[in-house]
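Participant: Each chain is listed here by its residues.
There are 2 protein chains.
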Amino acid sequence: MITIYDIAKKANVSAMTVSRVINNTGKISEATRKRVKQVMEELHYVPNSTARSLVLQKTMMLSLLITDITNPFFTTVARGAEDTARKFGYKMLFGNSDEDYTKESEYVDSIVSTRVDGVLFAPAGDGSLDHLTRLQKHRIPFVILDREVPGIESDLVLGDSKEGARRLVEHLLQLGHRRIALVNGSPDVSTARLRQQGYADALKLADIPYDDELVVHISYRDFRDDGALDRLLGLERPPTAIFAANNVLAVGMIRALRERGLRVPDDVSVVCFDDLGLASVLDPFLTVAAQPAYQFGALGVQMLLERIEAGPELQRRTIMLPSELMLRSSVRPLADA
Amino acid sequence: MITIYDIAKKANVSAMTVSRVINNTGKISEATRKRVKQVMEELHYVPNSTARSLVLQKTMMLSLLITDITNPFFTTVARGAEDTARKFGYKMLFGNSDEDYTKESEYVDSIVSTRVDGVLFAPAGDGSLDHLTRLQKHRIPFVILDREVPGIESDLVLGDSKEGARRLVEHLLQLGHRRIALVNGSPDVSTARLRQQGYADALKLADIPYDDELVVHISYRDFRDDGALDRLLGLERPPTAIFAANNVLAVGMIRALRERGLRVPDDVSVVCFDDLGLASVLDPFLTVAAQPAYQFGALGVQMLLERIEAGPELQRRTIMLPSELMLRSSVRPLADA
DNA sequence: TTGTAAGCGTTATCAC
DNA sequence: GTGATAACGCTTACAA
Numbered sequence: 177m178i179t180i181y182d183i184a185k186k187a188n189v190s191a192m193t194v195s196r197v198i199n200n201t202g203k204i205s206e207a208t209r210k211r212v213k214q215v216m217e218e219l220h221y222v223p224n225s226t227a228r229s230l231v232l233q234k235t236m237m238l239s240l241l242i243t244d245i246t247n248p249f250f251t252t253v254a255r256g257a258e259d260t261a262r263k264f265g266y267k268m269l270f271g272n273s274d275e276d277y278t279k280e281s282e283y284v285d286s287i288v289s290t291r292v293d294g295v296l297f298a299p300a301g302d303g304s305l306d307h308l309t310r311l312q313k314h315r316i317p318f319v320i321l322d323r324e325v326p327g328i329e330s331d332l333v334l335g336d337s338k339e340g341a342r343r344l345v346e347h348l349l350q351l352g353h354r355r356i357a358l359v360n361g362s363p364d365v366s367t368a369r370l371r372q373q374g375y376a377d378a379l380k381l382a383d384i385p386y387d388d389e390l391v392v393h394i395s396y397r398d399f400r401d402d403g404a405l406d407r408l409l410g411l412e413r414p415p416t417a418i419f420a421a422n423n424v425l426a427v428g429m430i431r432a433l434r435e436r437g438l439r440v441p442d443d444v445s446v447v448c449f450d451d452l453g454l455a456s457v458l459d460p461f462l463t464v465a466a467q468p469a470y471q472f473g474a475l476g477v478q479m480l481l482e483r484i485e486a487g488p489e490l491q492r493r494t495i496m497l498p499s500e501l502m503l504r505s506s507v508r509p510l511a512d513a
Numbered sequence: 177m178i179t180i181y182d183i184a185k186k187a188n189v190s191a192m193t194v195s196r197v198i199n200n201t202g203k204i205s206e207a208t209r210k211r212v213k214q215v216m217e218e219l220h221y222v223p224n225s226t227a228r229s230l231v232l233q234k235t236m237m238l239s240l241l242i243t244d245i246t247n248p249f250f251t252t253v254a255r256g257a258e259d260t261a262r263k264f265g266y267k268m269l270f271g272n273s274d275e276d277y278t279k280e281s282e283y284v285d286s287i288v289s290t291r292v293d294g295v296l297f298a299p300a301g302d303g304s305l306d307h308l309t310r311l312q313k314h315r316i317p318f319v320i321l322d323r324e325v326p327g328i329e330s331d332l333v334l335g336d337s338k339e340g341a342r343r344l345v346e347h348l349l350q351l352g353h354r355r356i357a358l359v360n361g362s363p364d365v366s367t368a369r370l371r372q373q374g375y376a377d378a379l380k381l382a383d384i385p386y387d388d389e390l391v392v393h394i395s396y397r398d399f400r401d402d403g404a405l406d407r408l409l410g411l412e413r414p415p416t417a418i419f420a421a422n423n424v425l426a427v428g429m430i431r432a433l434r435e436r437g438l439r440v441p442d443d444v445s446v447v448c449f450d451d452l453g454l455a456s457v458l459d460p461f462l463t464v465a466a467q468p469a470y471q472f473g474a475l476g477v478q479m480l481l482e483r484i485e486a487g488p489e490l491q492r493r494t495i496m497l498p499s500e501l502m503l504r505s506s507v508r509p510l511a512d513a
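Protein sequences, first through last, are from chains D and Z. If you read the first sequence in the working numbering, its first letter stands for residue 177, the second for the next number, and so on. If you read the second sequence in the working numbering, its first letter stands for residue 177, the second for the next number, and so on.
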């Protein structure tokens, strides 16, 4: 491996001078600078950032931890994060927790050991508390993405889960639906709780009693659970509409409905949180509350870099990003409203 | 930051003993081992992998470079790669080139400087030659994913582009289509050339003349180019079917067709390479040659680790993964076959 | 079984 | 302007 000493020797200077040329620090005569640069080119020298990290105590590396790389919402978040990190000269260490606390914990170990400069962290759920506390103990700055974790104070980039949910449900109500099911993520996740609140709020405003039978919980990552749907369809008064708390759940419900010979929206209407990426281009069908996923990532990295710069003195900040209602064709008005 | 010296002092041993306990090397009495472990727990010690990397000349980090994080094919590749890397204790540095040679070049700089142990590299195209040569110069092992680059000899994980294309086109021919358009990626990309060959082979076998007018090139990442479709539709004898060389192009074509009031498959049939992720679950509509994306990533990392282990002596290997024809409903038989 | 010394490739500090 | 030296946190080689 070529080091600054190899360069130094060949250019007849000290290693220190080479270092100065590389970093553009200190005073250097134009002549030696040129000579050193020349030799660096010749030998294809590339600085060893491991060595640099060790002495500088800075890795120029951020970590991005998401919960579902299969979900277009998160891949778009990743894209925003990655673009922004690159723009500022940071590398991106990537992790996918699959909403699995064990995996998440392993990633935190790895993150701490790697001494990344900061972490963009989409928590698996409330049980991520320990992991985030561990980061705090090691003074690794982080910004939490998408989900709050009770007990953790930090910078946050969140969506307007409650508000978005309320608007989706109100949309269904306006079209005459009265039996609206909520297919939700785990109550262990803050967004699931908030979306449920939004759902309940909308019903309350419309003077419709909240019916526990209409609310089921699956994992945000599961599009294969048919039991939930069967339970809903088996009710004495089955729902005429389903509010799925995220895009993956919605896809699962629609698939299951179709497999049972039911049509969307003719037999059952469906709406959900988060857009679908390519699927929405292919067929703009599903009515959704679309979150600005790219912004989640981009603003998250921006906040993170500011936090790294400023240290813990800086006041904690929360960015709340609104979602946009995309009215498409997965909902039909109910004739006998 | 807590170092082995802090542990050593508090446990009344030398740093070396601490190192031995951490790495389970050398002989250590059970008593001291216990004492050292105890202190490490107390102080929440985590080894500094930067320091370790510097002395070991090994970062335990792989780099994954893909061309389109928006494409479900590549996110699934990433998932396979990530899972496998983690299983073997490797971290994953992530990059998204967007098929942009400039971005790709920047990533290669970053990769070389970071001294990752190996790279899983999906090249932007033939122009990636320089970048791969640069990796070779620095003796960084890599496995090329999805696309061959003329002039580079390396381990490879490829799909059966030619064969898959041929089968897709033969499927269309069997159903009576004679005017079949090819909407292809850039000829700068090996898969685009091979898919074109497969297309041509199928036509030849069926004694149908190859018609240059029916072949257009767009970027594999572009689902917004409407000009291509308009050109095809404007032909004296427009196509009755479109073979899109990847999923993104297919989505773009279908969108554009629908915007022009044309229906798939009633007016035009569409098939493509690569499946669509969630969109295919939501609505198994598009007939595709599905590639085993997860395997691309998983086997790629496996090959890469073997290469890292074995060094350049090991014979180069190519894994060719077959694709699976998924017959769905985006194709209709032509009555007047 | 444990410890000492040197070195991984870089930069900060101080001296010339 | 330029250079010598120590330090970043760890492990290898050798000594005790």
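Treat each hint with caution, since some may be false.
A pair counts as met if it fits within one copy or between any two copies, since identical chains are not told apart.
Stated by the list, open to error - Here are the simulated SDA-like cross-link-like pairs (lysine to any residue), alpha carbons at most 20 Å apart as the crow flies:
hint	residue 1	residue 2
1	Lys-234	Arg-291
2	Lys-263	Ile-484
3	Lys-186	Arg-492
4	Lys-210	Leu-411
5	Lys-234	Val-222
6	Lys-210	Arg-508
7	Lys-338	Thr-201
8	Lys-185	Leu-433
9	Lys-203	Ala-382
10	Lys-234	Arg-493
To be clear, the hints were calculated from the coordinates, so they are not data collected in a lab.
Participant: Confirm or reject each hint.
Facilitator: Status of the hints after comparison with the structure:
| no. | hint | in the structure |
| --- | --- | --- |
| 1 | Lys-234 - Arg-291 | both (8 Å within a copy, 16 Å between copies) |
| 2 | Lys-263 - Ile-484 | within (16 Å within a copy, 31 Å between copies) |
| 3 | Lys-186 - Arg-492 | neither (51 Å within a copy, 36 Å between copies) |
| 4 | Lys-210 - Leu-411 | neither (80 Å within a copy, 60 Å between copies) |
| 5 | Lys-234 - Val-222 | both (18 Å within a copy, 16 Å between copies) |
| 6 | Lys-210 - Arg-508 | neither (72 Å within a copy, 68 Å between copies) |
| 7 | Lys-338 - Thr-201 | neither (52 Å within a copy, 54 Å between copies) |
| 8 | Lys-185 - Leu-433 | neither (73 Å within a copy, 65 Å between copies) |
| 9 | Lys-203 - Ala-382 | neither (73 Å within a copy, 73 Å between copies) |
| 10 | Lys-234 - Arg-493 | neither (24 Å within a copy, 38 Å between copies) |
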